[in-house]
Amino acid sequence: MNKFWTVAGFTMKNKMKGKSFLITTLIFVLVLSLGSNLPYIISLFDKDNGKATNVGYAIDARTVEGTKIAEQLRATYAGLEKPAIKMVEFPDAGSTEANEKELKKAIAEKKIKGYLLFGPADATGMPSIAYKSEKLNDHNTTQSLQQTIQIVKTDMILKDSGLTAEQRTMLVTPVTLDVMQIAATDGAGGVGNGKTEDQRGVDMGFVTFLLLLLFFGIMVSGQMIASEITAEKSSRVMEIIITSVSPLTQMFGKIFGIFVVSLTQMVAYVVVVFINISLPHNDSAFQQYNIDLTKVDPLLLVYGLLFYVMGFLLYASLFAAVGSIVSRTEDLGQAVMPITLLSLAGFYITTFSISAPDTMLVKVTSFIPFFSPFVMLLRVGLANPPFWQVIVSFGILLVSIYAAGWLSAKIYRTGVLLYGKRPSWKELRKAMKAYKI
Amino acid sequence: MNPLVVDRVHKQYGEKKAVNGISFEVEEGEIYGLLGANGAGKTTTMRMVLGLIYPDEGKILYNGKPYTEEQLSMLGYLPEERGLYPRVKISEQLVYLAQLRGMSKHDADANLKQWLERFEVPEYYNKKLEELSKGNQQKIQFIASVIHKPRIVILDEAFSGLDPVNVELLKSTVKELRNAGTSMLFSTHRMEHVEELCRNITILHRSNPVLQGNVREIKKRFPREKVVLNTDNEVSGLDAIAGVTGVQRHESGYVIGITDESAAAAILHQAMSQTTIQKFEIMEPTLNEIFIKAVGGDLHE
Chain A
-5 MNKFWTVAGF
5 TMKNKMKGKS
15 FLITTLIFVL
25 VLSLGSNLPY
35 IISLFDKDNG
45 KATNVGYAID
55 ARTVEGTKIA
65 EQLRATYAGL
75 EKPAIKMVEF
85 PDAGSTEANE
95 KELKKAIAEK
105 KIKGYLLFGP
115 ADATGMPSIA
125 YKSEKLNDHN
135 TTQSLQQTIQ
145 IVKTDMILKD
155 SGLTAEQRTM
165 LVTPVTLDVM
175 QIAATDGAGG
185 VGNGKTEDQR
195 GVDMGFVTFL
205 LLLLFFGIMV
215 SGQMIASEIT
225 AEKSSRVMEI
235 IITSVSPLTQ
245 MFGKIFGIFV
255 VSLTQMVAYV
265 VVVFINISLP
275 HNDSAFQQYN
285 IDLTKVDPLL
295 LVYGLLFYVM
305 GFLLYASLFA
315 AVGSIVSRTE
325 DLGQAVMPIT
335 LLSLAGFYIT
345 TFSISAPDTM
355 LVKVTSFIPF
365 FSPFVMLLRV
375 GLANPPFWQV
385 IVSFGILLVS
395 IYAAGWLSAK
405 IYRTGVLLYG
415 KRPSWKELRK
425 AMKAYKI
Chain B
13 MNPLVVDRVH
23 KQYGEKKAVN
33 GISFEVEEGE
43 IYGLLGANGA
53 GKTTTMRMVL
63 GLIYPDEGKI
73 LYNGKPYTEE
83 QLSMLGYLPE
93 ERGLYPRVKI
103 SEQLVYLAQL
113 RGMSKHDADA
123 NLKQWLERFE
133 VPEYYNKKLE
143 ELSKGNQQKI
153 QFIASVIHKP
163 RIVILDEAFS
173 GLDPVNVELL
183 KSTVKELRNA
193 GTSMLFSTHR
203 MEHVEELCRN
213 ITILHRSNPV
223 LQGNVREIKK
233 RFPREKVVLN
243 TDNEVSGLDA
253 IAGVTGVQRH
263 ESGYVIGITD
273 ESAAAAILHQ
283 AMSQTTIQKF
293 EIMEPTLNEI
303 FIKAVGGDLH
313 E
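Protein chains in written order, with my numbering: chain A, -5 to 431; chain B, 13 to 313.
So here's chain A without its partners, still in its complex pose (with noise of 0.2 angstroms):
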């Protein structure tokens, strides 16, 4: 037991003190940083989108009925406190062709953004309305111009039908659809008395955050374990190690230096966001976007660890056993493809579902033990699965974890001795069998 925290004592001192790693955290910590005060930052810029947005329209005798609604858009627009957009009026230059043209010219003079253009009307009296614009997906504009255009409809047809301001205002005001996530039964996710739509996209934040997060520290991590053993054989000093202490005790060590480290850094990422996070001028840009931190369960982040954990523990293994059988670091990259390959797989199902928590593939591989840590998590943070699920889901990785290391700890064991080319599977069962393993 001593010999296992010399290893692990070494292997953190080792890492933490090394430049690269001192580097590649530096970079994170400033990526996430910047990325907690994205929001606030988008603000900033955001600033003139308060200025409303210039659409034109041209008086046209041709068609009595839009210009009647485009001279109602106007006063409505007037009308509001901080309107979206101001209608600019252009005069009649004599045709509909001519009229176009002139507010082509004025888009290119950059007085307006855009400008609509009226039809004749139909049976209803209503006319049909184009509006035209350089940018095709303005959603903000067309959004406002279209609720405008049928509060103006709206009006128009409702003047004369006796009604008060007051019953007209009442009508046209939007019907509103409070969408809530309950749980019918008792669940391992957060759902409790219900999530609104906020909080659900604060949750799908959260638990991206999360997911990437742990994506990165399983990856990350796994890979210094499989290199730290690579290097420990191709410069040879792994003949005197394997002489002084068990493989096994080595191989845990390592495994658990690893750990703390990849921990320490994880806690670390997380304190620098929630540092970002809880600056004074942040509160505002996240209100702004409806965000709400203190909304998110702090369970979720007891689930995140439990799944960081076993995670690790379970790829951990794996890239150990990778790295004991490779004799050189070059050889490295292509030999832990396809753990990479795994890992990804399961993460990038849980991108894939995010919206759609509740999938039969994700229920399935949310028991699959190289998927369970992530797509629980989605589960847990994002659905609302059985408690019991959750469980059954732990047992198996649990499992899967021993037998794991069980297995890694046999490679390593042949693995340190084999130098030259990679071994084959075959070699490697004769090479078990020759060394009594």
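Simulated from the structure, these hints should not be mistaken for laboratory data.
The structure displayed is predicted, hence computed values, not measured ones.
Backbone N, C-alpha and C fix where the C-beta goes; we use that ideal spot for every residue, glycine too.
You can trust all of the hints, since none of them are fake.
EDC-like cross-link-like pairs, simulated, lysine to aspartate or glutamate; straight-line CA separation at most 20 angstroms:
no. : chain 1 : residue 1 : chain 2 : residue 2
1   : A       : Lys11     : B       : Glu104
2   : A       : Lys9      : B       : Glu142
3   : B       : Lys29     : A       : Glu421
4   : A       : Lys76     : A       : Glu65
5   : A       : Lys404    : B       : Glu81
6   : A       : Lys7      : B       : Glu142
7   : A       : Lys427    : B       : Glu27
Covered by chain A, per the in silico footprint, the following chain B stretches (three or more residues, Cβ under 8 angstroms):
no. : stretch
8   : 92 to 102
9   : 108 to 117
Once you've looked at the hints, dock chain B against the given chain A.
Positioned in the frame of chain A, the structure of chain B alone reads:
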């Protein structure tokens, strides 16, 4: 009970027999030579002694006890393929390795300083391995194998890649360790080192121990078949003497092959009758010659 006893040990790798029934004992304060061509089974034997792989048959005893993990702390190993952490400070890695062998951090540090003093390189304490020359890295490697005061040290090709000055330095260190009672298992291709250091040897050939025993006795077992003759002037008619198998002319004289020692007298007579003799010696076979004879000349299989 001798510190290290290897008793009829066999090891098979698949179809290939790697070691076929080797037995030897290393006394306290003895350097035991394990000789053999490349691939003869030396490294496998050493790995079995180190407990890295287990013998198929036979047993290895350490102070009378079979292998357990506790034995590791009294074993020291200088592998043939050298290697330490290139980017880690000497002090850190050697203390680490000593700790892995069960030594306390404090003792390891003190020992390291002593050894660096012994090799007259105390300034390496805070250096990284990659900053040192190859010869100095070898010294550090040697320290790594003995820093924890092992009772049994396994030296695989201990002096390879060293300049003559450093070979002498390490050789004297090895002798000191031997005199202090350390048992050593020593493998090398340099026979003159074996003659100087080892009391007993085993020569392995294609996994089989072909020659074993005390170096001096082994030498006596082989006939003396060589005469070295240095004279002032040329000597003629040497190859006509009965029992002479060949005459080689060198700068300062002759090396004459003979079938048995009786021919030597005739050679001496012949030479004396013609010129003044500076040197006349019936040579013992060198270990090198014995080795080549034992393994049949096919060194590189």
